[in-house]
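Protein chains in written order, with the working numbering: chain A, 1 to 118; chain B, 1001 to 1110.
Worth flagging that the hints you see were computed from the coordinates, not collected in a lab. Be aware that a few hints might be false.
What the hints assert, rightly or not - Far from chain B, by Cβ distances over 12 Å, these chain A residues were calculated:
id, residue
1, Lys24
2, Pro61
3, Pro70
4, Ala72
5, Pro81
6, Pro111
7, Leu118
To be verified - Restraint-style ranges between C-beta atoms, simulated for each label pair:
id, chain 1, residue 1, chain 2, residue 2, range
8, B, Gly1016, A, Asn52, 43 to 53 Å
9, B, Gly1052, A, Thr116, 38 to 48 Å
10, B, Arg1058, A, Lys68, 37 to 47 Å
11, A, Met39, B, His1056, 21 to 31 Å
12, B, Glu1017, A, Met40, 26 to 36 Å
13, B, Gly1028, A, Glu14, 40 to 50 Å
14, A, Thr106, B, Gly1028, 34 to 44 Å
15, B, Gly1016, A, Glu83, 41 to 51 Å
16, B, His1038, A, Arg41, 15 to 25 Å
17, A, Leu118, B, His1078, 32 to 42 Å
As the list claims (entries may be wrong) - Cut-off 25 Å, straight-line C-alpha distance, at most; resulting in silico cross-link-like pairs (SDA-like, lysine to any residue):
id, chain 1, residue 1, chain 2, residue 2
18, B, Lys1054, B, Ile1074
19, A, Lys96, B, Leu1059
20, A, Lys24, A, Pro111
21, A, Lys96, B, Pro1008
22, B, Lys1068, A, Gly59
23, A, Lys96, B, Gly1052
Heads up, the beta-carbon is just placed ideally off N, CA and C, and yes, glycines get one too.
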Amino acid sequence: DAGVIQSPRHEVTEMGQEVTLRCKPISGHNSLFWYRQTMMRGLELLIYFNNNVPIDDSGMPEDRFSAKMPNASFSTLKIQPSEPRDSAVYFCASTKSGGRVGGEDTQYFGPGTRLTVL
Amino acid sequence: KNEVEQSPQNLTAQEGEFITINCSYSVGISALHWLQQHPGGGIVSLFMLSSGKKKHGRLIATINIQEKHSSLHITASHPRDSAVYICAVRSPNTGNQFYFGTGTSLTVIP
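Kindly generate the complete structure, drawing on both the sequences and the hints.
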């Protein structure tokens, strides 16, 4: 398997522009997570999906952020409008959830998208 | 207040040394994860555990639920073990939120 695929790997944009990050989870995995990592705050969970349904988006910083999972093989994280403080590395991870609360297998991380907002 | 505390923050060891990284947490958890982040930025999930002990190669992870503490041990450390090790817990008490430690930066010197 190719693992979790993220695109783009690097994105540089100007403040105010819309940014869309993409993630393809590992085939057969039914849980998908979006994380953000910054030097100041470390790793943070933004949102996660189970069977394509958003379960918890309490980590999404504000309304400028939105995430979708239209099918089991694709998810997007959109920032509109982007701001310099959104600059970070965004990771997507997937896992096979057993369905129990907290029940999950090892998470597999994508390589991340390094976002720079000027 | 951090829900997850790791120690030490930085660690330098000679090749071959036995290494221990500690993680303490203050919330009820359903699972604890140990992650490894390489200098290039990639993240690898090492262990997910909810009780007892797990071993994979030279890595051993233990957890004590009563004491809310986990340790990651590396035996016969090697320079390729140099990375940041991150402890993360998932808490059912707060809607299955993830809480992350700030990481332990390990450097193994040949």
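For each hint, the structure was consulted:
1. Lys24: holds (17 Å)
2. Pro61: Holds, since 15 Å exceeds 12 Å.
3. Pro70: holds (23 Å)
4. Ala72: Given that every Cβ of chain B is farther than 12 Å from that of A/Ala72, nearest at about 20 Å, it holds.
5. Pro81: Fine: 26 Å to the nearest Cβ keeps A/Pro81 off the interface.
6. Pro111: With a cut-off of 12 Å, A/Pro111 comes too close to chain B, as the shortest Cβ separation is near 6 Å.
7. Leu118: Nearest chain B Cβ is 21 Å from A/Leu118, so the label holds.
8. B/Gly1016 <-> A/Asn52: 43 to 53 Å: About 48 Å separates the Cβ atoms of B/Gly1016 and A/Asn52, which means 43 to 53 Å holds.
9. B/Gly1052 <-> A/Thr116: 38 to 48 Å: holds (43 Å)
10. B/Arg1058 <-> A/Lys68: 37 to 47 Å: With Cβ atoms ~41 Å apart, the hint holds.
11. A/Met39 <-> B/His1056: 21 to 31 Å: Holds - the Cβ-Cβ distance for A/Met39 and B/His1056, about 29 Å, lies within 21 to 31 Å.
12. B/Glu1017 <-> A/Met40: 26 to 36 Å: 31 Å Cβ-Cβ, so the 26 to 36 Å window holds.
13. B/Gly1028 <-> A/Glu14: 40 to 50 Å: holds (44 Å)
14. A/Thr106 <-> B/Gly1028: 34 to 44 Å: violated (22 Å)
15. B/Gly1016 <-> A/Glu83: 41 to 51 Å: holds (47 Å)
16. B/His1038 <-> A/Arg41: 15 to 25 Å: holds (20 Å)
17. A/Leu118 <-> B/His1078: 32 to 42 Å: holds (40 Å)
18. B/Lys1054 <-> B/Ile1074: holds (12 Å)
19. A/Lys96 <-> B/Leu1059: holds (23 Å)
20. A/Lys24 <-> A/Pro111: OK: A/Lys24 and A/Pro111 at ~11 Å, within 25 Å.
21. A/Lys96 <-> B/Pro1008: violated (32 Å)
22. B/Lys1068 <-> A/Gly59: holds (24 Å)
23. A/Lys96 <-> B/Gly1052: Distance of about 22 Å is within 25 Å: holds.
Hint compliance for this structure: hints 6, 14, 21 are not met, and every other hint is.
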